[in-house]
Amino acid sequence: MSEPIVDVRGLSFGYGTAPVLTDVSCSIAAGERLAIVGPNGAGKSTLIKCLVRLVAGFKGEILVQGQPLDSYSQRALARVLSYVPQADGRMFSFTVRDFVAMGRYPHLSAFTARRAHDEAAIDRALSRAGLDALASRPMDQLSGGERQRLFIAAAIAQEAAVLLLDEPTTFLDPRHQQEVEGVLANLHDECNVTLVSVTHDLNRALRHADRVLALRGGRVHYLGAPAGLLEAGRLEALFGRTFALSTHPDGGPMILPD
Amino acid sequence: MNLSKRESVILLGLLVGGFLIVLVAPFVGMQAISIEHVLDGAKFPVDYDIFWHVRVPRVLLAWLAGAALALAGMTFQSLFRNPLATPFTLGIASGASLGAAIAIRLGWTVLWLGVSGVSIAAFVGALASVLLVFGLTRLRRGFSSGTLLLAGVAVGFFFSSVILFVQYISSFSESYRIIRWLMGGLEVVGMDAPLSLLPFLVVGAGIIFYLTRELNLLATGEDMAASRGVDVKLTRQLLFFATSLLVGGVVALCGPIGFVGMMCPHICRLLVGPNHRVLAVATALFGGLFLTICDTFARTVIAPAEIPVGVITALLGGPFFLWLLVRVRSV
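If you're matching them up, the sequences are chains A and B in order.
First residue of the first sequence: 54, per the numbering used here; consecutive thereafter.
First residue of the second sequence: 38, per the numbering used here; consecutive thereafter.
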């Protein structure tokens, strides 16, 4: 197996004295799609925040492309890892294109203007996210689904090898969920981008991930193929309730809604 | 920097407008002065002195102070992602005022490397308040900017009461100087004042202009900025240092002049949009123009008496603040 693009070894982290993550280890291969699932408060978002250094003071080791996280400047790290946070509702009147253009930040120095290849990267990102027609629209006039695609577009413009997504489809209606899924699937298939997504949508994890990392109480509950999550009562133990399972028309397993 | 036609026209308009007001304003006053009096000091020594030693330095100081306050306001609004965050609402001007009051009380009025002791003390006061506000934001997670503004008001009240105490233990003449200074004003004689503000403005504005790309990203959120590669901690520290220089420098010389830092960035956002690469330039130019106009108005409207310029800016700023409050709450 080739060297993992991200290697988390024995990661522990807490806010104050309350532990959030305890001894979490997980290797992520280049081009892999990893879904991180688990109940609220299990440490899913905190795990990816540790990877992009949005929280400090963790114990353990994180290697990015084989190098310790500490050896990266924030700018150099942003050229490898790109993070799409949960939308916090506050929006600004930057135009869609201006916001996507901010994704080029790690590739520019303070006094260099964007060059032709930067503009091309911005155009590609807008196009991949299906936002070409909205390029000059102020971002505070976008719908929820368009906004999520905008955040992803800015991360695409960053041209990082790994995209870390925090609940990218949680607040979207089914049509917009499908649109966002489509953007991510194309990105993975055509650019071999590694996708690490925190999600509460278990069916999404089962259908679109290569592997699933289930966290419970800040510890690794399960790490492996999606179907394995449904075996040996793991899912029930993870959430403390029972689930009804069925088979999707395409043949894969499916968790039924109540 | 690629500017749209609209941005170019507005920036050029603000630049030319600022230039014209700085050129014209010294001729305006209780007594109008003609060009020939200004050029011939031997023949018209009184007018010559009023023009070159009183009015020109005052107009220049007004422009520099307006630019500095407006830039500081813009930076706070973006850092805290709150349109009501300004040097005054965050209690930073009060901190600078306290520093200056203590310096006056202790007689630190000598010049150090061309900068007066009062200016340095005001700067230290501004920096201490910034650190206090900054510390509050770091005290616990999820400290909302609304809570922060309330904390700023509390910090402002606290410093104001300490200023009162300093005044109470001061001599009559020191106390008068503190009171006069707290009223805010741009009455200066000679070029010392504008020249001593210049290094504060050059360094403070220089840092802000250097970090406009980072300000754009910080305005969209700290997490977003960090994940795009911004060193958030260092950037915030540099910006807090720059705003302390700007606010400390202005408050030391001119006393507290409110609302410039709140109104100007907002009006400029409406004019040129949120991109700090353009917004910072527009805000500095607009702030300078705005305060120069306010001061010219302050010293002419009820001549020979003068209205402190802080009164004019507050008369305009109070209703603007309320309008903004209603507008923000309704979003």
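A couple of the hints might just be wrong.
To be verified - The calculated label-pair distances, taken between Cβ atoms and stated as ranges, are:
no., chain 1, residue 1, chain 2, residue 2, range
1, B, 184, A, 68, 15 to 23 angstroms
2, A, 166, B, 307, 20 to 28 angstroms
3, B, 363, A, 239, 15 to 23 angstroms
4, B, 363, A, 132, 38 to 46 angstroms
5, B, 307, A, 62, 31 to 39 angstroms
6, B, 118, A, 190, 50 to 58 angstroms
7, A, 109, B, 54, 22 to 30 angstroms
8, B, 307, A, 253, 52 to 60 angstroms
9, A, 132, B, 184, 32 to 40 angstroms
Said to hold, decoys possible - Which bits of chain B does chain A cover? Going by a derived footprint, with three or more residues having C-beta under 8 angstroms, they are:
no., stretch
10, 198-211
11, 229-235
12, 341-350
Said to hold, decoys possible - Negatives, chain B to chain A, calculated, CB over 12 angstroms:
no., residue
13, 78
14, 85
15, 91
16, 278
17, 356
18, 357
Derived by calculation from the structure, the hints in this document are not laboratory data.
Where is the CB? At the ideal position from N, CA and C, for every residue including glycine.
Against the structure, test the hints numbered earlier, and report the numbers of the ones violated in rising order.
3, 5, 6, 7, 8, 10, 11, 12
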